[in-house]
Amino acid sequence: MAEQAVTGYKKWLEGVGEQGVFFTSFFRNIFRGGFEWSEFVRQCYEIGYRSMMLVGITSFIMGLVLILQLRPSMLELGAESMLPKTLAVSFIREIGPVIIAIICAGKVASGIGAELGSMKVTEQIDAMEVSGANPLQYLVVTRILATSLMIPLLTIIGDAIGLFGGFLALNFTDDISFSLYFHKCIASLEFIDLFPALVKTVFFGFAIGFVGCYKGYNSNKGTESVGIAANSAVVTASLWIFVIDALAVQITSLLFYR
Amino acid sequence: MQNQTNSTPKDKPVTDNEVVVDINHISKSFGAKDVLKDINLKLKRGENVVVLGKSGQGKSVTIQCIVGLLTPDNGTVKVFGDDVSRMNEVELKELRTKVGFLFQSGALYDSMTVRDNLEFPLTRILKITDQAELDKRVEEALDGVGLLDAIDKLPSDLSGGMRKRAGLARTMIVRPEIMLYDEPTTGLDPITSREISELILSMQKKYKTSSIIITHDMECAKITADRVVIMNEGTYIAEGSFDELKRSDDKLVKSFFNVTT
Numbered sequence: 001m002a003e004q005a006v007t008g009y010k011k012w013l014e015g016v017g018e019q020g021v022f023f024t025s026f027f028r029n030i031f032r033g034g035f036e037w038s039e040f041v042r043q044c045y046e047i048g049y050r051s052m053m054l055v056g057i058t059s060f061i062m063g064l065v066l067i068l069q070l071r072p073s074m075l076e077l078g079a080e081s082m083l084p085k086t087l088a089v090s091f092i093r094e095i096g097p098v099i100i101a102i103i104c105a106g107k108v109a110s111g112i113g114a115e116l117g118s119m120k121v122t123e124q125i126d127a128m129e130v131s132g133a134n135p136l137q138y139l140v141v142t143r144i145l146a147t148s149l150m151i152p153l154l155t156i157i158g159d160a161i162g163l164f165g166g167f168l169a170l171n172f173t174d175d176i177s178f179s180l181y182f183h184k185c186i187a188s189l190e191f192i193d194l195f196p197a198l199v200k201t202v203f204f205g206f207a208i209g210f211v212g213c214y215k216g217y218n219s220n221k222g223t224e225s226v227g228i229a230a231n232s233a234v235v236t237a238s239l240w241i242f243v244i245d246a247l248a249v250q251i252t253s254l255l256f257y258r
Numbered sequence: 001m002q003n004q005t006n007s008t009p010k011d012k013p014v015t016d017n018e019v020v021v022d023i024n025h026i027s028k029s030f031g032a033k034d035v036l037k038d039i040n041l042k043l044k045r046g047e048n049v050v051v052l053g054k055s056g057q058g059k060s061v062t063i064q065c066i067v068g069l070l071t072p073d074n075g076t077v078k079v080f081g082d083d084v085s086r087m088n089e090v091e092l093k094e095l096r097t098k099v100g101f102l103f104q105s106g107a108l109y110d111s112m113t114v115r116d117n118l119e120f121p122l123t124r125i126l127k128i129t130d131q132a133e134l135d136k137r138v139e140e141a142l143d144g145v146g147l148l149d150a151i152d153k154l155p156s157d158l159s160g161g162m163r164k165r166a167g168l169a170r171t172m173i174v175r176p177e178i179m180l181y182d183e184p185t186t187g188l189d190p191i192t193s194r195e196i197s198e199l200i201l202s203m204q205k206k207y208k209t210s211s212i213i214i215t216h217d218m219e220c221a222k223i224t225a226d227r228v229v230i231m232n233e234g235t236y237i238a239e240g241s242f243d244e245l246k247r248s249d250d251k252l253v254k255s256f257f258n259v260t261t
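Protein chains in written order, with UniProt numbering: chain C, 1 to 258; chain X, 1 to 261.
A few of these clues could be false.
Far from chain X, some chain C residues (derived; all Cβ distances over 12 Å) [what the hints assert, rightly or not]:
1) 19
2) 42
3) 93
4) 138
5) 139
6) 171
7) 202
8) 249
EDC-like mimics (lysine to aspartate or glutamate), calculated; alpha carbons at most 20 Å apart, straight line [as the list claims (entries may be wrong)]:
9) C:85 with C:175
10) C:221 with X:183
11) C:221 with X:110
12) X:93 with C:126
13) X:93 with C:123
14) X:93 with C:36
15) X:93 with C:129
16) X:127 with C:39
17) X:127 with C:36
18) X:42 with X:22
19) C:221 with X:34
20) X:127 with C:123
Label pairs and their computed distance ranges (CB to CB) [what the hints assert, rightly or not]:
21) X:40 with C:6: 38 to 44 Å
22) C:17 with X:30: 16 to 22 Å
23) C:221 with X:76: 23 to 29 Å
24) X:30 with C:68: 57 to 63 Å
25) C:77 with X:110: 52 to 58 Å
26) X:71 with C:32: 20 to 26 Å
27) C:227 with X:152: 48 to 54 Å
28) X:205 with C:221: 30 to 36 Å
29) C:16 with X:76: 29 to 35 Å
30) C:6 with X:201: 53 to 59 Å
31) X:152 with C:179: 50 to 56 Å
32) C:6 with X:90: 36 to 42 Å
These are calculated hints, taken from the structure and not from any lab test.
Quick reminder that beta carbons are idealized off the backbone N, C-alpha and C, glycines included.
Sequences are here, hints too, so could you generate the full structure?
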């Protein structure tokens with residue numbers, strides 16, 4: 001039993017060390033010459049544009065549902081007029097970034113994990129390496145930077161769509177104009193609501209890209225490894241999103257709410 | 001840049017019997033399994049060496065050591081006189097521009113068309129940016145393997161034989177001086193296997209490459225080999241021309257040749 005625990009601990013430590021090396025290699029390769037711009041743009045398109053529909057629909061539903069759920073409680077408290085503010089603050093600060101990141105972890109991290117995993121299995125990564133190209137620069141750097149850029153952009157778009165969903169839900173039951181609703185939303189938001197929320201999405205994006213790439217790039221050479229890489233990429237990236245979120249809230253509280 | 005592909009590494013003089021790959025007493029283990037045990041092999045310029053052996057005997061591991069994908073536990077692998085395990089990243093990259101590697105599956109990049117696959121090493125290794133020059137080279141390479149019609153197809157639209165041809169064209173497009181073939185005819189029907197073997201031979205004659213061909217296809221060995229070495233349990237057990245080995249009295253050697261010839 002104790003031996004198993006020691007072996008498990010050693011394995012875990014090895015994993016941490018490997019991730020550290022991968023992390024260092026990523027940063028080293030960013031600043032190396034010959035950045036793969038065309039692949040980076042392609043990845044931005046694949047990750048950003050192709051996730052937009054999913055993010056949009058989910059955010060719209062989330063905004064709509066939140067208003068429908070909040071309304072009875074707010075009515076009881078006589079704070080119906082606070083609904084736009086409540087939705088705006090909760091959605092922009094927390095719900096939007098986290099939900100969108102989780103959705104992207106499911107779609108993007110698994111996609112990257114499976115793609116790089118299958119490239120590994122079919123020796124495409126080895127082929128890239130022996131052909132004198134740098135697979136880390138071509139496959140890893142571009143994908144991690146693309147997720148770090150696209151997740152914040154998707155979050156901004158998702159936040160706007162979520163607030164619009166909230167407006168429609170509110171408009172079913174209450175008579176509120178579009179301009180008044182958005183004025184109330186925007187007026188309730190301050191710099192400390194927007195900036196930390198946006199900054200943490202960069203880290204969410206980084207975690208999604210990094211975990212997807214690490215799991216795929218280091219998968220074993222067998223077809224089942226592709227599934228394992230995709231699956232563990234989603235699980236690990238989702239876990240990291242919550243860890244980063246918890247840290248971000250602590251840091252934001254320390255910096256802005258003292 | 002184009003001249004670079006025709007020059008020898010570090011401008012070493014070319015001699016008729018120059019040894020371009022020199023494998024000296026290498027061994028390699030994965031965990032408790034000893035895959036290679038004291039392997040020695042010399043490849044001369046312009047020569048085709050076929051390595052025969054059953055699956056799992058370490059044939060692929062040997063050629064992966066030549067390009068630095070794997071590092072042997074003991075012994076040395078010298079390519080053009082330089083020890084691969086002592087090379088830094090830049091030297092290794094330089095070496096890999098001189099040594100082509102054809103993977104078993106062809107290893108074409110799934111997300112790219114055949115054209116993009118072939119342009120990939122040209123833009124990154126030879127740093128060619130002129131589109132007209134790229135088109136010319138890609139079309140010439142694909143024409144050489146009879147695959148010009150598939151230039152804008154994705155790898156998923158190609159048959160197994162076509163993938164191998166495209167993979168061969170991609171590897172040969174940078175004019176490597178040494179070619180390493182990892183089971184080039186595996187998974188192909190006998191007619192396509194023969195076509196690929198003849199293509200390997202014609203490529204060798206056209207570009208004057210030196211090759212190591214890993215295979216268990218006797219037809220491929222017969223067509224392509226100047227010299228054959230037979231590998232068993234991580235070491236070489238016999239060496240000679242195809243006809244010499246065919247006449248061998250050794251039981252294991254005979255077992256290879258009795259299969260098809």
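Hints versus structure:
Distance check on residue 19 of chain C: its Cβ is at least 21 Å (rounded) from any Cβ of chain X, clearing the 12 Å threshold; non-interface status holds. For residue 42 of chain C, the condition that its CB be more than 12 Å from all CB atoms of chain X is violated, with the nearest at approximately 8 Å. The claim that residue 93 of chain C is not at the interface with chain X holds, since no C-beta of that chain comes within 12 Å of its own (minimum 37 Å). A cut-off of 12 Å between C-beta atoms contradicts the statement that residue 138 of chain C is not in contact with chain X; the least separation is 8 Å.
Under the 12 Å C-beta cut-off, the non-interface status given to residue 139 of chain C relative to chain X is violated; the minimum distance is some 10 Å. Chain X leaves residue 171 of chain C outside its interface by the beta-carbon criterion, the shortest separation being 44 Å against a cut-off of 12 Å. Its beta-carbon lying about 26 Å from the closest one in chain X, residue 202 of chain C satisfies the requirement of being farther than 12 Å from that chain. Remark: the non-interface label on residue 249 of chain C is consistent with the geometry, its nearest Cβ contact in chain X lying 38 Å away (cut-off 12 Å).
As the CA atoms of residue 85 of chain C and residue 175 of chain C are separated by approximately 16 Å, the hinted pair is consistent with the 20 Å bound. Restraint check for residue 221 of chain C and residue 183 of chain X: the C-alpha separation of about 17 Å stays at or below 20 Å, so the hint holds. For a cut-off of 20 Å, the pair hint linking residue 221 of chain C to residue 110 of chain X stands: about 17 Å separates their Cα positions. With a CA separation close to 13 Å, the supplied pair residue 93 of chain X and residue 126 of chain C stays within the 20 Å bound.
Annotation: proposed proximity of residue 93 of chain X to residue 123 of chain C holds, straight-line Cα distance about 18 Å (limit 20 Å). For the given pair, residue 93 of chain X sits about 18 Å from residue 36 of chain C by alpha-carbon distance, which is consistent with the 20 Å threshold. Distance hint between residue 93 of chain X and residue 129 of chain C is fulfilled; the C-alpha atoms sit about 9 Å from each other, no more than 20 Å. A distance of roughly 16 Å separates the Cα atoms of residue 127 of chain X and residue 39 of chain C; the hinted pair therefore holds under the 20 Å criterion.
Among the hinted pairs, residue 127 of chain X with residue 36 of chain C is consistent with the structure: their alpha-carbon atoms are about 13 Å apart, no more than 20 Å. A distance of roughly 5 Å separates the Cα atoms of residue 42 of chain X and residue 22 of chain X; the hinted pair therefore holds under the 20 Å criterion. Proposed proximity of residue 221 of chain C and residue 34 of chain X is supported: the alpha carbons are some 19 Å apart, at most 20 Å. With a C-alpha separation of about 24 Å, the suggested pairing of residue 127 of chain X with residue 123 of chain C is violated against the 20 Å cut-off.
Taking 38 to 44 Å as the suggested C-beta distance range, the pair residue 40 of chain X and residue 6 of chain C conforms, at roughly 41 Å. Distance hint check for residue 17 of chain C and residue 30 of chain X: the Cβ-Cβ separation is about 20 Å, which falls inside the suggested range of 16 to 22 Å. For the hinted restraint 23 to 29 Å between residue 221 of chain C and residue 76 of chain X, the CB-CB distance of approximately 26 Å keeps it satisfied. Taken as a hint, the range 57 to 63 Å holds for the pair residue 30 of chain X and residue 68 of chain C, whose Cβ atoms sit roughly 59 Å apart.
At about 56 Å, the beta-carbon gap between residue 77 of chain C and residue 110 of chain X stays in the expected band of 52 to 58 Å. The given range of 20 to 26 Å is respected by residue 71 of chain X and residue 32 of chain C, whose C-beta atoms sit roughly 23 Å from each other. Taken as a hint, the range 48 to 54 Å is violated for the pair residue 227 of chain C and residue 152 of chain X, whose Cβ atoms sit roughly 31 Å apart. Roughly 34 Å separates the CB atoms of residue 205 of chain X and residue 221 of chain C, a value that falls within the hinted 30 to 36 Å.
Checked against the given bound of 29 to 35 Å, the beta carbons of residue 16 of chain C and residue 76 of chain X, roughly 34 Å apart, stay inside it. Checked against the given bound of 53 to 59 Å, the beta carbons of residue 6 of chain C and residue 201 of chain X, roughly 56 Å apart, stay inside it. About 51 Å separates the C-beta atoms of residue 152 of chain X and residue 179 of chain C, a value consistent with the hinted range of 50 to 56 Å. At roughly 41 Å, the beta-carbon separation of residue 6 of chain C and residue 90 of chain X lies within the given 36 to 42 Å, and the hint holds.
When held up to the earlier numbered hints, the structure conflicts with 2, 4, 5, 20, 27 and fits the remainder.
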